[in-house]
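Model the full assembly from the supplied sequences, consistent with the hints where possible.
The chain contents come next:
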Amino acid sequence: AQTVTQSQPEMSVQEAETVTLSCTYDTSESDYYLFWYKQPPSRQMILVIRQEAYKQQNATENRFSVNFQKAAKSFSLKISDSQLGDAAMYFCAYRSRYGNSGNTPLVFGKGTRLSVIA
Amino acid sequence: EPEVTQTPSHQVTQMGQEVILRCVPISNHLYFYWYRQILGQKVEFLVSFYNNEISEKSEIFDDQFSVERPDGSNFTLKIRSTKLEDSAMYFCASSPQARELSYEQYFGPGTRLTVT
Chain A
1 AQTVTQSQPE
11 MSVQEAETVT
21 LSCTYDTSES
31 DYYLFWYKQP
41 PSRQMILVIR
51 QEAYKQQNAT
61 ENRFSVNFQK
71 AAKSFSLKIS
81 DSQLGDAAMY
91 FCAYRSRYGN
101 SGNTPLVFGK
111 GTRLSVIA
Chain B
1 EPEVTQTPSH
11 QVTQMGQEVI
21 LRCVPISNHL
31 YFYWYRQILG
41 QKVEFLVSFY
51 NNEISEKSEI
61 FDDQFSVERP
71 DGSNFTLKIR
81 STKLEDSAMY
91 FCASSPQARE
101 LSYEQYFGPG
111 TRLTVT
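Read top to bottom, the protein sequences are chains A and B.
With the working numbering applied, the first sequence covers 1 to 118.
With the working numbering applied, the second sequence covers 1 to 116.
Read the hints as simulated data drawn from the structure, not as lab findings.
Computed from a predicted model, the values in this text were never measured in an experiment.
Positions of the beta carbon are idealized from the N, C-alpha and C atoms, including for glycine.
Keep in mind that the hints are not guaranteed to be accurate.
As the list claims (entries may be wrong) - So the derived label-pair ranges between C-beta atoms look like this:
(1) A:Q44 x B:Q14: 24 to 30 Å
(2) A:S80 x B:T114: 24 to 30 Å
(3) B:E3 x A:S30: 30 to 36 Å
Pasting the structure below:
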């Protein structure tokens, strides 16, 4: 079974600075998806960024980018120019590409709580 | 933009009672999921549903749980006899049909279930 590990329970960053959240995963599969979800105090799960394992290029979405190291099974999230609204719980998640046409469940890490200091 | 909706937002029930949590997935989606998040812990998969049957379920999804798509729009999670440890946030999610789009799951806002 796949597992996802987030080794940083809490992180903090000064407003406008850059922060990197770590995530590692364990799998024997070669094709899968990786995600970062943001969960603000409202507890809604919001997709931040996704990465397909077969793509070597790191995904980028505005101020959010990832460093995907497939051999190391590492998938870190970098937030640039941090804003107060970035304060939230961040979950790393894995999803197998195999299964019934995309019906595979997400496997989540325990999350990293990010605080942004004004 | 279409979104997944869930009702109620907060449900309080007594131990041993039955509860039904409701979800309306995005209209053209065909894959549905329930996840659970106990306060302060990670999100855990409960069950996935496709073509009117369960595709996959976790160890958490025991005989106390059931899912149903009673009509063309709703997707429900029933807990027959709630226990204190069922207190959690329950998230519904859905995925679209097209294979190249099927990797993304869209989450609803969650239902907070409190069992007293």
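Here is what the structure says about each hint:
1. Hint check: A:Q44 to B:Q14, Cβ distance near 27 Å, so the stated range 24 to 30 Å holds.
2. Here the CB-CB span from A:S80 to B:T114 is close to 39 Å, at odds with the stated 24 to 30 Å.
3. Distance hint check for B:E3 and A:S30: the Cβ-Cβ separation is about 33 Å, which falls inside the suggested range of 30 to 36 Å.
The structure does not agree with numbered hint 2 stated previously, though it agrees with all others.
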